[in-house]
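Peer 1: The task is simple: from the sequences and hints, build the whole structure.
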Amino acid sequence: TRVLSGIALVIILAGVLYEGGYFLWTLLLFASLVGLIEFYRAVHGVKIGQPFKMGALEIAGVVTTFAYYLLMCISERKEYLFYILVISLVFYMIIYVISFPKHETAECMQVYFGEIYVSVMLSFIYLLWKIGGIRYTVLIFISSWVCDTCAYFTGRAFGKHKLAPVLSPKKSIEGAVGGVLGACLIGGLYAYFISLPVIATALICAFTSIVSQYGDLFASAIKRNHDIKDYGSLIPGHGGILDRFDSVIITAPFIYILCEVIIK
47 TRVLSGIALV
57 IILAGVLYEG
67 GYFLWTLLLF
77 ASLVGLIEFY
87 RAVHGVKIGQ
97 PFKMGALEIA
107 GVVTTFAYYL
117 LMCISERKEY
127 LFYILVISLV
137 FYMIIYVISF
147 PKHETAECMQ
157 VYFGEIYVSV
167 MLSFIYLLWK
177 IGGIRYTVLI
187 FISSWVCDTC
197 AYFTGRAFGK
207 HKLAPVLSPK
217 KSIEGAVGGV
227 LGACLIGGLY
237 AYFISLPVIA
247 TALICAFTSI
257 VSQYGDLFAS
267 AIKRNHDIKD
277 YGSLIPGHGG
287 ILDRFDSVII
297 TAPFIYILCE
307 VIIK
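If you want the numbering used here, it's the 1-based position in the sequence shown plus 46.
Bear in mind the hints are in silico, worked out from the structure with no lab data behind them.
Accuracy of the hints is not assured; some may be wrong.
Derived Cβ-Cβ restraints for the label pairs, each shown as a range [as the list claims (entries may be wrong)]:
#1 Arg181 <-> Ala102: 39 to 47 Å
#2 Leu249 <-> Ser145: 26 to 34 Å
#3 Leu213 <-> Val307: 38 to 46 Å
#4 Val307 <-> Asn271: 13 to 21 Å
Straight-line distance between alpha carbons at most 25 Å, and here's what the computed PhoX-like set of lysine-lysine pairs gives [unchecked claim]:
#5 Lys206 <-> Lys216
#6 Lys93 <-> Lys275
#7 Lys269 <-> Lys99
#8 Lys99 <-> Lys148
#9 Lys99 <-> Lys275
#10 Lys176 <-> Lys124
#11 Lys208 <-> Lys124
#12 Lys269 <-> Lys216
#13 Lys275 <-> Lys208
#14 Lys176 <-> Lys93
#15 Lys93 <-> Lys269
#16 Lys216 <-> Lys275
#17 Lys93 <-> Lys216
Built from N, CA and C at the ideal position, the CB exists for glycine as well.
Peer 2: Shown next as structure tokens:
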């Protein structure tokens, strides 16, 4: 089940990335909304199968995520997205004041953090597609999923030293190094065949693959903090959106920034 669902996910994602545009926007909006709700469930310690009722703050997070994506789709002015983030923060503050003392300060912070961590960071996949199409966007998945695959097999073959024994006992330093080298190599080969700067692209993939592994560990830390096994069950054998896209979430903004500064 895990292998078949993984293959199906890759095929669907490849098709959507190839088509881009509204197809990619729709998929990312869906992933952001589902991932955001998964995050809210997690920070409230609600396990899969248990009922979860969103409060005013969580509903506001869903609404502002939709507004952010709508504006991203219809406007070419990226500074408008920054305005939405400021407005959404004020929105949470108003709810906090009106409902006082129903909500704790930490709840406002969690909701706003979730909006940035899930919705905004995933949106960089679409923003990157807008400046470089599928040619650039594939780099996100080389630095995350290819890195993860290379790290897994390298760790199985040579892993002896634990990378993060508390957060993820199965990960090894050798595996992490193998993931970085694998992403660097595949990124360089990919760049060569599609006429991108080979050295620059390989180095970008190497750097962001390090970042992606921290993204994976960060998502694991949240789960351990709140005593949950998976964020969701949307993808059979893989868990939820945050389980499968944890490294993609943190990698996407870095790939976007580096492509804008170095390659473009």
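Peer 1: Each hint needs a verdict: does it hold in this structure or not?
Peer 2: Against the structure, the hints come out as follows:
no. : hint                          : in the structure
1   : Arg181 <-> Ala102: 39 to 47 Å : 42 Å, holds
2   : Leu249 <-> Ser145: 26 to 34 Å : 49 Å, violated
3   : Leu213 <-> Val307: 38 to 46 Å : 31 Å, violated
4   : Val307 <-> Asn271: 13 to 21 Å : 34 Å, violated
5   : Lys206 <-> Lys216             : 10 Å, holds
6   : Lys93 <-> Lys275              : 8 Å, holds
7   : Lys269 <-> Lys99              : 19 Å, holds
8   : Lys99 <-> Lys148              : 15 Å, holds
9   : Lys99 <-> Lys275              : 20 Å, holds
10  : Lys176 <-> Lys124             : 11 Å, holds
11  : Lys208 <-> Lys124             : 42 Å, violated
12  : Lys269 <-> Lys216             : 16 Å, holds
13  : Lys275 <-> Lys208             : 21 Å, holds
14  : Lys176 <-> Lys93              : 37 Å, violated
15  : Lys93 <-> Lys269              : 10 Å, holds
16  : Lys216 <-> Lys275             : 15 Å, holds
17  : Lys93 <-> Lys216              : 23 Å, holds
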